[in-house]
Amino acid sequence: TLVFEAQRIVDLNVEKLKDEEIKNSDIMFTSTMIIQEDSQNELIDRVHFFGKKIVAGGPFPTSYPEKNSRIDYIIRGEGEVVLRPFLEDLVKGVAQREYSEREIIQSGRNNFPLTKSGRPDIKHTPLPRWDLLDLKKYFSPAIQFSRGCPFDCEFCDITAIYGRESRTKSNEQ
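Residue numbers are given in our numbering: position 28 of the sequence shown equals residue 674, and the series is strictly consecutive.
Among the clues, some could well be false.
Claimed, not checked - Restricting the straight-line Cα-Cα distance to at most 20 Å, the calculated cross-link-like pairs of lysine to any residue (SDA-like) are:
#1 Lys698 x Ile680
#2 Lys738 x Asn817
#3 Lys769 x Asn817
#4 Lys762 x Ser792
Claimed, not checked - Derived CB-CB ranges, DEER-like:
#5 Ser715 x Lys662: 22 to 30 Å
#6 Arg730 x Met679: 17 to 25 Å
#7 Glu661 x Thr761: 32 to 40 Å
#8 Cys799 x His694: 34 to 42 Å
#9 Asp777 x Glu818: 33 to 41 Å
Hints were generated in silico from the structure; no laboratory data involved.
Since we're looking at a predicted model, the values are computed, not measured.
Ideal Cβ positions, reconstructed from N, Cα and C, are used throughout, including at glycine.
Assemble the whole structure, with the sequences as input and the hints as a guide.
Here it is, written out as structure tokens:
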């Protein structure tokens, strides 16, 4: 069983990441949207300055892995499928630089339930770790309850990343 001690989530939209938080971490993870490329690059510089590794996931690394050449590890696709195999390899000391949802599923390493169309069934996604955020810094925190979209708007990358099948979480989630 993999056991990790998550420190806390630092949302750079509402607070600054302190050097001490980087120094006291073994590895840093970031989830980045395309618009946040510059912020992610600044974070890479800071994390590497302290000799730490950084893992990038989210829409930006998923859609543009070639623009993420300075990232130590890239997680492409939905975390429910990709994160566990990456962490298993990291613990064993055999982590690859890039992991993709499609490759994990094709290799048979996925252990997360999938829908009939082969997407992660988010009804099985764990509850968010709200205790890792300072909720006082938010007027109204966002709650994701669905992924995917039946439309294919040219300006949007949702269908490229999450597919055209709308998937929802349960009311309890």
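Outcome of the hint check:
1. Lys698 x Ile680: This hinted pair is violated, its Cα atoms lying about 23 Å apart.
2. Lys738 x Asn817: 37 Å, violated
3. Lys769 x Asn817: With a Cα-Cα distance of about 9 Å, the restraint between Lys769 and Asn817 holds, given a limit of 20 Å.
4. Lys762 x Ser792: 16 Å, holds
5. Ser715 x Lys662: 22 to 30 Å: 26 Å, holds
6. Arg730 x Met679: 17 to 25 Å: Because 23 Å falls inside the window, the suggested range holds.
7. Glu661 x Thr761: 32 to 40 Å: 36 Å, holds
8. Cys799 x His694: 34 to 42 Å: 36 Å, holds
9. Asp777 x Glu818: 33 to 41 Å: 18 Å, violated
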